[in-house]
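K.L.:
Given next are the chains, with one letter for each unit.
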Amino acid sequence: EVQLVQSGEEVKKPGESLKISCKDSGHNFPTYYLAWVRLVPGKGLEWMGIIYPADSDSWYSPSFQGQVTISADKSISTAYLHLRSLKASDTAIYFCASGENWKYFRYWGQGTLVTVSS
Amino acid sequence: EIVMTQSPATLSVSPGERATLSCRASQSVGSNLAWYQQKPGQAPGLLMYGTSTRATGIPARFSGSGSGTEFTLTISSLQSEDFAVYYCQHYNNWPPESSFGQGTKLEIK
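Those sequence lines, one after another, are chains F and E.
Using our numbering, read the first sequence as starting at 1 and increasing by one per residue.
Using our numbering, read the second sequence as starting at 1001 and increasing by one per residue.
In case anyone wonders, no lab produced these hints; they're calculated from the structure.
These numbers were taken from a predicted model, which means no experiment stands behind them.
Each residue gets a CB set at the ideal place from its N, CA and C atoms; glycine is no exception.
Treat each hint with caution, since some may be false.
What the hints assert, rightly or not - Some, not all, of what chain E presents toward chain F, calculated at C-beta under 7 Å:
1) L1046
2) Y1049
3) G1068
4) Y1091
5) P1096
6) S1098
7) S1099
8) Q1102
Said to hold, decoys possible - Chain E residues, not near chain F, derived (Cβ > 10 Å throughout):
9) Q1027
10) Q1038
11) S1076
12) Q1089
13) E1097
14) E1107
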């Protein structure tokens, strides 16, 4: 059974940065694309970017390019989302999602609630 | 960046009736469209990909149609477990790029 387990809830102040993790088990981590998607109240889901862990190639939504970094450590089957210079508008639930290709996602993490508030 | 627009924002339907959800792309995405269902407190779940291919375990009352810029998700006879938020997602052939619609909340009438 494929499982994506994310790190826990975070509370941050504006301007701070944060790294969320997503540990994959149950399939061959390097060969599955892994994306980060966030759910903003009132705005729906937002596709942030995606990584191919086998070679760490990554691609980003224009809306998030330069604001976030996606990385992966194959040795521990874990992907990361690094968020910089957090703003109140970054308050959201962040999900990792995985699939056999980069297009759509069969497997999802449980979500990580990030609250940014002064 | 392709913008996906879903309508209506909220749809009220009685159990047993048909629900029709719409998704429009700002430019053609061919048949590169997926649908997800999300219930409160849960992650989204894949319903459909390639516009009309049901994901594993998805019942036949769910169907998808459309191409280019106009897409529809139809639920033929609503069951209690179908009341949720539904999102459409477009995806590129290459390089990887994607975006979601803002969602349609399907509620019990």
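K.L.:
Next, verify each hint and record whether it holds.
P.N.:
Hints and how they fare:
A hinted interface residue such as E/L1046 counts as satisfied when its beta carbon comes closer than 7 Å to some beta carbon of chain F; here the least separation is about 5 Å, so the hint holds. Interface hint at E/Y1049: satisfied, since its Cβ lies 4 Å from the closest Cβ of chain F, which is below the 7 Å cut-off. For E/G1068, the suggested interface contact is broken, since its CB lies about 17 Å from the closest CB of chain F, more than 7 Å. Given the 7 Å rule on beta carbons, the hint for E/Y1091 holds: about 4 Å separates it from the nearest Cβ of chain F.
Of the supplied interface hints, the one on E/P1096 holds, with its beta-carbon coming within about 4 Å of a beta-carbon of chain F, less than 7 Å. The interface hint given for E/S1098 is met, as the beta carbon of that residue sits about 4 Å from the closest beta carbon of chain F, less than 7 Å. Here the hint on E/S1099 is kept, as its CB sits about 5 Å from the closest CB of chain F, short of 7 Å. At a threshold of 7 Å, the smallest CB-CB gap from E/Q1102 to chain F is about 4 Å, leaving the interface hint in force.
Annotated as non-interface, E/Q1027 keeps its C-beta farther than 10 Å from every C-beta of chain F; the closest such distance is 15 Å. Distance to chain F contradicts E/Q1038 as a non-interface residue, since its nearest Cβ pair spans about 8 Å, not more than 10 Å. Under the 10 Å C-beta cut-off, the non-interface status given to E/S1076 relative to chain F holds; the minimum distance is some 22 Å. Non-interface call for E/Q1089 relative to chain F: violated, since the shortest CB-CB distance, roughly 7 Å, does not exceed 10 Å.
Distance to chain F contradicts E/E1097 as a non-interface residue, since its nearest Cβ pair spans about 7 Å, not more than 10 Å. Taking the minimum C-beta to C-beta distance to chain F, about 16 Å, the non-interface status of E/E1107 holds against the 10 Å cut.
Hints 3, 10, 12 and 13 from the earlier list are contradicted by this structure; the remaining hints agree with it.
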